[in-house]
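Residues per chain, in single letters:
There are 2 protein chains.
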Amino acid sequence: MSLKIALLGFGTVASGVPFLLEENHSKIVEAAHDTIEIAKVLVRDDEEKNRLRAAGHDYHFVTNIDDILNDESIAIVVELMGRIEPARTFITRALEAGKHVVTANKDLVATHGKELIQLAKDKEVAFYYEAAVAGGIPILRTLANSLTSDKITRILGVLNGTSNFMITKMVDEGWTYEDALKTAQELGYAESDPTNDVEGIDAAYKAVILSQFGFGMTIDFDDVAHKGITNITPDDVAVAQELGYVIKLVGDIREVASGLSAEVSPTFLPKTHPLASVNDVMNAVFVESIGIGESMYYGPGAGQKPTATSVTADIIRIARRIKDGNVGKPFNEFERETKMADPADVKSLYYFAINTPDKKGQLLRLAEIFNAEDISFEQVLQQKANGTRARVVIITHAMSQTQLASVTAKLEAIDDFQVLNTLKVLGE
Amino acid sequence: MSLKIALLGFGTVASGVPFLLEENHSKIVEAAHDTIEIAKVLVRDDEEKNRLRAAGHDYHFVTNIDDILNDESIAIVVELMGRIEPARTFITRALEAGKHVVTANKDLVATHGKELIQLAKDKEVAFYYEAAVAGGIPILRTLANSLTSDKITRILGVLNGTSNFMITKMVDEGWTYEDALKTAQELGYAESDPTNDVEGIDAAYKAVILSQFGFGMTIDFDDVAHKGITNITPDDVAVAQELGYVIKLVGDIREVASGLSAEVSPTFLPKTHPLASVNDVMNAVFVESIGIGESMYYGPGAGQKPTATSVTADIIRIARRIKDGNVGKPFNEFERETKMADPADVKSLYYFAINTPDKKGQLLRLAEIFNAEDISFEQVLQQKANGTRARVVIITHAMSQTQLASVTAKLEAIDDFQVLNTLKVLGE
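Those protein sequence lines, which keep their order, are chains A and B. So in this note's numbering the end of the first sequence lands on 890, straight run, no missing numbers. So in this note's numbering the end of the second sequence lands on 890, straight run, no missing numbers.
Think of the hints as simulated: they come from the structure by calculation, not from any bench. Be a bit skeptical, because a hint or two may be false.
Taking lysine-lysine and the PhoX-like style, the derived pairs with C-alpha atoms no more than 20 angstroms apart in a straight line are [unchecked claim]:
1) Lys583(A) <-> Lys689(B)
2) Lys785(B) <-> Lys785(A)
3) Lys631(A) <-> Lys613(A)
Simulated restraints on C-beta separations [what the hints assert, rightly or not]:
4) Lys733(B) <-> Val524(A): 32 to 38 angstroms
5) Pro696(B) <-> Lys791(A): 52 to 58 angstroms
6) Asp529(B) <-> Thr554(A): 52 to 58 angstroms
7) Thr645(B) <-> Ala860(A): 47 to 53 angstroms
By construction, the Cβ of each residue, glycine as well, lies at the ideal position given by its N, Cα and C atoms.
Here chain A stands alone, though its shape is the one from the complex:
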């Protein structure tokens, strides 16, 4: 007898699952203690069914979800359609029907995970989503299984492959944002509407999920401040380089005295930081903790086979737990009271690029404004005076998010000063 699964959707990732089941057959059977059989595949309509058949895919295709939900022989439903609807409805109905569910859908887990996790708990079925964060990197299971003994203080992650590809080109090749986006779209890394990737939204979804596994806190998407890479200029990239940093879009979740802080923002990373050499479409999650100290988990953040590997690992885990009689255990069991940090308590170094009139005394004026907010400078660079305007770059000492908001407001209120960019800097 084999364990029967159904796939919802048969796009790129989905077709990676049969690849692994076949290429790695004996190892998977040994691990799952069972053969895994793709019993049914849900597709949109007859047209898609015919197209897939013509392409040589010989599955039992269905177009009605009920053909899967009412089939008692199917134990696991694997959702690989993406987006919120109809995935949310189908997963909800599958859990209600007592089926285990595996998904790679980060948008859905980040925005509706709470209700789905609770439903799975009530129904004593498994709801796993390793592939939802950093595709091929087994970071969620590692946090849930291996880092249980450790107390995590901060998670920093390069969590979006598309924006990391673009930013790598901007840093290594000096490309503009526009050039990088165009190439990313040509290579199929970025969609025609790249908003989710370049505005940090996709990374923020992942930060929501990492907060649960790393800190036991269920935060909302709106709790993650996100800022994208759209306004990074070649000037920012060059000055980072000059000062010994690399700019990356970094998800940063940390626990401070008052609670949890989660944000996604372009960040100056010291060149020697392990995340600084995570390039192109690769992802990495860097964990700071009281036990291990510093560890990093690196791999592809997306792609057919990497994502299918994580999905298949979830399927095997469920198969195994069915055999072991403990399949009802939640994917993540770490739960604490959720408390967001006070912004006055969340401190970082910051980079300011400010356009000033090129006349005497401007630096003194800037210094007075920062000083009034109790912010001191670590480094100051005055650049590119063109006769009428100059560009001043400041790296501050540690200051809070409250101080950042306040000093930015003050600077913006002064006509002479134009704040070109403000970016977080990771201290050495």
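Start from chain A and add chain B according to the hints.
Structure of chain B alone, referenced to chain A:
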């Protein structure tokens, strides 16, 4: 009621366990579904007992292992003494007494793991040793739990912190081997007899264990060819730099058509390879596989808290599996027939540094010797002619271990040529 454990030995790592149990109490209780209590601690003699008491350690110290083995309230024995004996005897007796065992002892697991794993299986108790490979990096559990869906083709690892510290100093600061060793000893990274670290023995032990988890094959220590860092010269380091490589001591386990190849050797890594930026005492395991493609797991390879974190993760896992009623499962369930590769089938690029007479026609003679063995050159550099002798550096195209042995023997048979060093090169 709490779960009672006993520690064998109370050195540096052991004292990290109570640190975590205390500092991370609530998370550990939640994960283990139980409080973990250190019920007894085995020490060498009364003198050690008195010394530890005087230092404020308030445990139930015993000097006779029977006081632990005969105590039915103790469920888990945690061995942290190191070396082979008496650790082997104590673990054997603990397993025979039906106790679960956790150890960080790589020497023991690599050389006697087979018999201990079998004994644990027979007794249906757990025998876990996450800390035995790469200290704080949860690589074994990741291979056993998350990479079950994937087929691993190669594992490359920087597996020894001491030698990596030394080699980092030799590369970054231009230190000699002798200077690096002296500093490593002063900092407490290297022992007074550094043989195990600098000769690749410690890394070879870890390669034995990684072979089981990554490839399902139980190989012997003698199956791992090991070569250390003792004969790396500043000239080797400089030429690597010049050609775009970094030298690291790398454990390399790969499956080729005829079977498994495992070796530890100083290796030229392209500067862009993720392992190339693993510096100082840090370790990393780089995995190539058909599903994920490339992934890397990075962290501290040793140290009190990192090692104690892995040990405590094992303890929690056992506690949890006792509750779940499936504690008898082996740590690694992946098993295949063990077959070592034919050396003619294991191919790499190689670096040769050869001392030749500084007279006409020597390069031609060398080219003829390599050509006779069917080995072609990727790069050739002639360096430092001092009037009588010259230094020729060759990077070959891929060649087998058989070819390597054969060409080396031919070169050594010719009085004019002196092979200064031969190192593996990882192709881009």
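Here is how each hint holds up against the structure:
1. Lys583(A) <-> Lys689(B): Not satisfied, since the Cα-Cα distance of roughly 53 angstroms exceeds 20 angstroms.
2. Lys785(B) <-> Lys785(A): Distance ~16 angstroms between Lys785(B) and Lys785(A) Cα, so the pair holds.
3. Lys631(A) <-> Lys613(A): violated (36 angstroms)
4. Lys733(B) <-> Val524(A): 32 to 38 angstroms: Roughly 52 angstroms apart at Cβ, these two residues miss the hinted range, so it is violated.
5. Pro696(B) <-> Lys791(A): 52 to 58 angstroms: Cβ of Pro696(B) to Cβ of Lys791(A): about 55 angstroms, so the range 52 to 58 angstroms holds.
6. Asp529(B) <-> Thr554(A): 52 to 58 angstroms: Given about 56 angstroms between the Cβ atoms, the range holds.
7. Thr645(B) <-> Ala860(A): 47 to 53 angstroms: violated (32 angstroms)
Checked against the numbered hints given earlier, this structure breaks hints 1, 3, 4 and 7; the rest are met.
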